[in-house]
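Q: Sequence:
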Amino acid sequence: MCGICGKIDLTGKAVPLELLRSMADSFAYRGPDDEGFFLDGPV
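Residue numbers (this note's numbering): 1 to 43.
Where hints are given, some of them may not hold.
Stated by the list, open to error - What follows is a list of derived Cβ distance ranges for each label pair:
#	residue 1	residue 2	range
1	P32	L10	29 to 35 Å
2	P32	T11	32 to 38 Å
3	A14	D34	23 to 29 Å
To be verified - Calculated pairs, EDC-like style, for lysine to aspartate or glutamate (alpha carbon to alpha carbon, straight line, at most 20 Å):
#	residue 1	residue 2
4	K7	D25
5	K13	D33
6	K7	E18
7	K7	D40
8	K7	E35
Think of the hints as simulated: they come from the structure by calculation, not from any bench. From the three backbone atoms N, C-alpha and C, an ideal C-beta is built for every residue, glycine too.
Model the full structure from these sequences, guided by the hints.
A: Below you can see the structure in the form of structure tokens.
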């Protein structure tokens with residue numbers, strides 16, 4: 001089963017990869033299929 005998480009920083013600060021990894025780890029129990037991250041400044 002898939003899951004999507006994300007953050008948009010309205011102040012324009014870059015979103016830390018560590019934050020996204022932590023979010024993704026919270027639903028890792030859904031399956032070990034794959035993971036990927038997209039970072040573009042505040043998105």
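Q: State for each hint whether it applies.
A: Hints and how they fare:
1. P32 to L10: 29 to 35 Å: 33 Å, holds
2. P32 to T11: 32 to 38 Å: 35 Å, holds
3. A14 to D34: 23 to 29 Å: Cβ of A14 to Cβ of D34: about 24 Å, so the range 23 to 29 Å holds.
4. K7 to D25: 15 Å, holds
5. K13 to D33: 31 Å, violated
6. K7 to E18: 12 Å, holds
7. K7 to D40: Holds. K7 to D40 sits at ~11 Å (cutoff 20 Å).
8. K7 to E35: 16 Å, holds
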